[in-house]
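Peer 1: Each chain is listed here by its residues.
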Amino acid sequence: AQTVTQSQPEMSVQEAETVTLSCTYDTSESDYYLFWYKQPPSRQMILVIRQEAYKQQNATENRFSVNFQKAAKSFSLKISDSQLGDAAMYFCAYYSGGGADGLTFGKGTHLIIQP
Amino acid sequence: DTAVSQTPKYLVTQMGNDKSIKCEQNLGHDTMYWYKQDSKKFLKIMFSYNNKELIINETVPNRFSPKSPDKAHLNLHINSLELGDSAVYFCASSQELWVPNYGYTFGSGTRLTVV
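Going down the list, the protein sequences come from chains A and B.
Going from the first sequence to the working numbering is simple: count from 1 and add 8.
Going from the second sequence to the working numbering is simple: count from 1 and add 427.
In short, the hints are calculated from the structure, not lab data.
Incorrect hints may have been included.
PhoX-like mimics (lysine-lysine), calculated; alpha carbons at most 20 Å apart, straight line [to be verified]:
1) B:Lys436 to B:Lys446
2) B:Lys446 to A:Lys115
3) B:Lys468 to B:Lys436
4) B:Lys463 to B:Lys436
5) A:Lys115 to B:Lys468
6) A:Lys63 to A:Lys81
7) B:Lys479 to B:Lys494
8) A:Lys115 to B:Lys479
9) A:Lys63 to A:Lys86
10) A:Lys78 to A:Lys63
11) A:Lys115 to B:Lys494
12) B:Lys446 to B:Lys494
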C-alpha cells in the first residue's frame, strides 16, 4: 500500500511571510495524482491544489504552489504572503486508482499564522 | 447550496446503540466515500461506492455498513457502537472512481462521540 509522510506535525509563520510544508510518498506507480487539502477549525476539507504525476510543470493556484520532484517522490506546498485565514491543518494526499485505497492521506501539518 | 451534506453534524450516543449518518451529494458524481478521522486527525478510507459496486477497506469492522438507496446518497450505519468508534466521519464524492480529476468533494463531517 502507498504511504504518505508529512514530517512536520506543526509549522509556524509570520503573517505575510512564506512557508513550505513538506510531503513525501512511497509508490511503485508511474501515473498518479497528488493533492493538498486544507482543514480549518470549521472541519471542512478544502482542496487547495492538485498535481498530475505525468506533468512536469508545478501546479500553482494564486498564493499556493507546489514543488513536485517525481524522482525524489516529494510534493511540497509553498504558501506565499501568508494570511491569518491560512491557519489550518494541511493534508497531503495521493491517488493512483480506485479500489480500497482511494485517496491516501498523510497525517497532516498544523499551520499557525503569527500576526 | 451545499454540494455534499451530512447529517447530523454531531452525534452523542451510548455504547451498544445502533446509529446512522446520512450523506447526500447534489453534484451528479458517480462515486461516494466514507472516511474516518481519528483523534490524531488521521484520515482513512472506509468505503467507496460506485454504480452499486461497494469496495470495503479490509480493516473496517463489519459493524459498519454503507447503504446507498441511489447514486446521490450513501448512508453509514453502525451497529453495537464501541468507545473506539468515536471520531469524525466524512462523506465525500468524486466525479469518477478511477480518475479523480478534481479530487474529492467532502462533506463537513459528523463528530460521533460514544459514551
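Peer 1: What are the numbers of the hints the structure violates, in ascending order?
Peer 2: 2, 8, 11
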